[in-house]
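Undergrad: Let the hints inform the model, and build the full structure from the sequences given.
Protein chains in written order, with the working numbering: chain A, 416 to 528; chain B, 315 to 424.
Among these hints, one or two may not hold up.
Facing chain A, a subset of chain B residues (Cβ under 7 Å, in silico) [claimed, not checked]: (1) Arg357; (2) Leu361; (3) Lys411; (4) Phe414; (5) Gln416; (6) Val422.
For the record, the hints were derived by calculation from the structure and aren't laboratory data.
Every residue, glycine too, gets a C-beta built ideally from N, C-alpha and C.
Below, each chain spelled out in residue letters.
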Amino acid sequence: EPEVTQTPSHQVTQMGQEVILRCVPISNHLYFYWYRQILGQKVEFLVSFYNNEISEKSEIFDDQFSVERPDGSNFTLKIRSTKLEDSAMYFCASKRGGNSPLHFGNGTRLTVT
Amino acid sequence: AQRVTQPEKLLSVFKGAPVELKCNYSYSGSPELFWYVQYSRQRLQLLLRHISRESIKGFTADLNKGETSFHLKKPFAQEEDSAMYYCALSGGNQGGKLIFGQGTELSVKP
Chain A
416 EPEVTQTPSH
426 QVTQMGQEVI
436 LRCVPISNHL
446 YFYWYRQILG
456 QKVEFLVSFY
466 NNEISEKSEI
476 FDDQFSVERP
486 DGSNFTLKIR
496 STKLEDSAMY
506 FCASKRGGNS
516 PLHFGNGTRL
526 TVT
Chain B
315 AQRVTQPEKL
325 LSVFKGAPVE
335 LKCNYSYSGS
345 PELFWYVQYS
355 RQRLQLLLRH
365 ISRESIKGFT
375 ADLNKGETSF
385 HLKKPFAQEE
395 DSAMYYCALS
405 GGNQGGKLIF
415 GQGTELSVKP
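TA: See below:
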């Protein structure tokens with residue numbers, strides 16, 4: 416069964432550094448998402464992406480965040496200048512569309528020191 | 315405001331006992347409700363969605379619009395059911411985001 420894949424599984428970075436989290440959604444999916452989960456808290460929506468543009472974003476998704484689908488297969492989340500509070504598990508998800516279910520990746524644990 | 319509430323952080327039962335994981339929601343329109351499960355060190359997986367009205371791994375969930383609830387139930391818990399369970403809602407539009415509850419950790423003891 417096809418899966419959403421995310422790399423790396425764990426990333427450690429220093430405060431102020433830029434990070435790029437990578438995701439390969441399922442190949443025939445059209446809708447792409449990033450979620451995050453701070454340790455001990457709920458899974459929170461960050462951004463949705465459809466037809467090569469952001470369709471919705473949350474208050475968390477400020478100017479420090481950006482997403483890109485550079486080559487038709489990868490879907491990346493960039494954090495320009497990381498803060499300690501960006502430490503979390505970041506989940507990528509995708510779905511075919513309409514009423515199809517959302518498929519999640521295994522997540523990338525980001526640790527900002 | 316759109317919100318999903320799972321009042322129990324941890325639910326511990328013995329094998330063979332009935333299980334009910336509670337979920338209440340707040341949404342102004344007609345949401346679609348889901349249960350996701352996350353086994354240890356694995357990805358979030360869709361367990362149930364209310365529009366399917368099916369039973370997966372013995373679990374069922376009924377949407378109660380009057381009580382704005384979508385509780386997850388299983389008559390006889392198994393040890394392999396131990397996992398984190400997340401209730402979530404979507405606005406139902408095609409690109410709709412999911413809003414998650416806090417999650418309930420289910421621990422089934424032998």
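Undergrad: Against each hint, give a clear statement of whether it holds in the structure.
TA: Do the hints match the structure? See the list:
1. Proximity of B:Arg357 to chain A holds as hinted, the smallest CB-CB distance being about 5 Å (cut-off 7 Å).
2. Interface hint status for B:Leu361: violated, as the beta-carbon distance to the closest one in chain A is roughly 10 Å, over 7 Å.
3. A cut of 7 Å between beta carbons decides the hint on B:Lys411: the least distance to chain A is about 4 Å, and the hint holds.
4. For the restraint placing B:Phe414 at the interface with chain A, the shortest Cβ-Cβ distance is roughly 4 Å, inside the 7 Å limit, so the hint holds.
5. With its C-beta approaching chain A no nearer than about 5 Å, B:Gln416 sits inside the 7 Å limit, and its interface hint holds.
6. Annotation: B:Val422 was flagged as interfacial toward chain A, and the flag is violated, the nearest CB pair being 22 Å apart, outside 7 Å.
Checked against the numbered hints given earlier, this structure breaks hints 2 and 6; the rest are met.
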